[in-house]
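Enquirer: What follows is each chain in one-letter form.
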Amino acid sequence: MKLEMRDQPGQLVAALKPISTVGGNIIAVIHQREATTPTEALGVQIVLELPEGRLERLLELLREQGVSVVRIGEERLLYECTLIMIGHLMHTDLSDTVNQIDKTGSAEVTELSMVMPAIDSPSSARITIRSTTRAEMKKAIRILRTVAEQKKLLIIEPLEDI
Amino acid sequence: MRVALLGFGSVGRGIARAILTKGLDITVTGLADSRSGIIDAGGIDLAEALTRKEQGEPCGNSRISPMDVVEKAEYDILVEVTPTDVRTAEPALSHIRGALRRSKHVVTSNKGPIALDYPGLRALAEANGVLLKYEATVCGAIPLIHAMQEGLAGNTITRICGVLNGTCNYILTRMAAEGLTYEQALAEARDLGYAEADPTYDVEGIDAGIKLVILANTVLNMETTLDDVERTGITLLSPEALQLAEDQDCTIRLIGEIIPEAGVLRVSPRIVAKVHPLVVEGTLNAVTVEADLAGDLTFIGRGAGSTETASAVIGDLLYIQSRHVQGS
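Residue numbers (my numbering), protein chains in the order written: chain X, 1 to 162; chain R, 1 to 328.
With the rest of the complex left out, here is chain R (with noise of 0.2 Å):
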């Protein structure tokens, strides 16, 4: 199976590490940083790849542009995992459809072209015969989309609701237990690589709310938007409404919420008792989800990270594989 990989940070090099560790049967034909790119058909040597960037070289040649991977190289599946654009969801978007449009697969991690135009972009792959997979934008390792796609199909859900921001979360576990101002424990989470320099997009809950907006359009046939979720980040939480949920053996965590009959897309703080499934400790995410067959069901696992992201990318490019590549 031949791969074209755009994006060589974090997530785009976990998953470079996870393909030679693995010996997975996947060869990567084209490469591309922000700054330059490698096309070759007959699969590009990935450790020299890693070791030149890991210098602070660019990955390959500057004259050959991401979207150059994406029209000349010859691949099977374009893994789309580039830094998010909540706004305008680009370049991504373009690498996206460009890959579509050659009847391409397509994998990506990237949050912004699924929140802005699913069903465009679905419509688009299914014109061209080709699939669209985007485990990796929701909870990370927690094979969520899946599950409830599959696992679940036939189910009507009613409820989802979660932890779905690793920073938010490390940020008032710490509030909790060590009674740390928010500021306090925001330096922490900096400190520990948990939360960027502006911490905005975490911590006024934006991107829990594009989860949702992910979530409703893909998997529970909703058509919303970032302005259709209500949206109250953790910036004014204090250490005492802490302790005075702490009073009634109860805490509380920032909760994304979906109730797709009332029309309801929420992400606030909410009260929630100790011994609840939900009350997960540091940067971990959870989310319950409620079925009508299945009853309840909670997934508990980590959010972000390079290889339990690329965990869920090499999950839908193998589930690509199985299904569709031939002569593989």
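If we strip away everything but chain X, and leave its shape as in the complex, we get (with noise of 0.2 Å):
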């Protein structure tokens, strides 16, 4: 999420603590140094994760600091990963493959794309999991895991850690 405030004296240091207390983790800080329209007040950026459930108290602490929040954009799909299956995906029931990830609510499938060759022979797809924090990614990744097993499909991760 994206949080936007007054480019006033001491307000960026008093930000930051908060963040930390609630258990945030920062990703940038932006200064903006001039405003792109007039309305728009020269400000500063700051762009952090936050475990679900903690911007009330966040907002909170900053309001005891003194620091005026103009905006709160909050992007609520954070990760993505892209992984690719092959097997039988069709005849196992594609829809309730995607389903058993999207139906967790934290995460879902945002992209598909699917090469079948010929009836009755495996097909092979690419899967975008979207989800709000990386401990949902990891978990729809073994939810995903799991379903392949029951399903005889390979799964193929990404090298990189999620």
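Rather than coming from a laboratory, the hints here were simulated on the basis of the structure.
Check before you lean on any hint, since a few could be wrong.
[As the list claims (entries may be wrong)] Part of the chain R face toward chain X, derived, beta carbon under 7 Å: (1) L236; (2) S238; (3) E240; (4) A241; (5) L244; (6) I255; (7) P269; (8) R270; (9) I271; (10) V272.
Heads up, the beta-carbon is just placed ideally off N, CA and C, and yes, glycines get one too.
Can you join these two chains into the complex? Each is in its own frame, and there are hints to help.
Expert: Printed below as a string of structure tokens:
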């Protein structure tokens, strides 16, 4: 998510401590040098990750520090992971496979490309999953592994840790 | 320095040729293949032995067994390069134990004994005051074990991952480059001598799994067996899957991975960005070591072959010579 605040002396320093207090992780601090529209105030943007349900507490702490938050931009699905599946994807109910991930509520399949070379021969698909947190992504991939084992599908995961 | 050489196949002959052509100060006093042996304290004529072998004859006398060479020949270092048996590790395990009990150093390229009983062999070597070296067991010519044990001493290794099997890498490279099916690429690998008639050991990830066990047990002080390795081979991979990876500037490689802290030992096909240093072509091997002080290091080189494996064995021999062999 993205916090925007006015660029006043002391605001940035005052904003950083509460973020770590609630277990947030700062990804970037963007200092705007000039406003792009007349209505936009000169400000500082902080891009951060926040565990589920901590936003209210963070805003409370920021208010106590005298930091005025101008805008909160919430990007819900921050993490993305692309995998490849090989096997009888249609015959083993592809929509069920996708649904197993979607029904977690915190991770969802956002893209699927499938190649079916011939009837009765295994198909291959590239599947993109997005999630709110790293832990939710790991959970979604665990679910996919279990489903793949039951349906005898081969899952190819990325080399990089999620 | 006197050496007894057990195994006179591709690796053994590569070592003999390197000793001859490089003029190394090494006298071979014992030599054995699976059918015969020679013991000669004055030094065996390697050129003659190579000629006999290449004409299809046994290298020596059929009444002398490899175990006779281990127990009766006079040598400083035993070089054990017989074929690997992953289940029993024999006869190499007995050869190595026999030499260590006689207080002889051992250098081996044989994965079986190191994967199956490294702690036991190391204890036996220590009890007898000798060294056991096994650089050639993992990734052929790449001095990976030496780099981690000596060069990275003091580092904590947090992850090792890499392309540890040249046969699989060749097959995947060809599938990606030419759109071949797995079966077509395997047939090509067989024609070129990169794959065995029974390719199971390579394509099911067993070979890569054994190498992970060796690295885990020798360098990372873990106690693992092949059963601890989560293993998926490449036999089900489709050209379409490689194309789907390609569409995103990625490819698929069989990757062996160890994460000591999480207890992860895993061999599986993985999606890797084509610009990643582990994406090497053909039969090459590549390994990335993540260490706390050094950061990431990637080693790339030839993982198999007669001369390449001989390079690792000779490196071990000269290491022992420079430190431990008296009067050489």
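Enquirer: Under the constraints set out in the numbered hints, which ones does this structure not fulfil?
Expert: none
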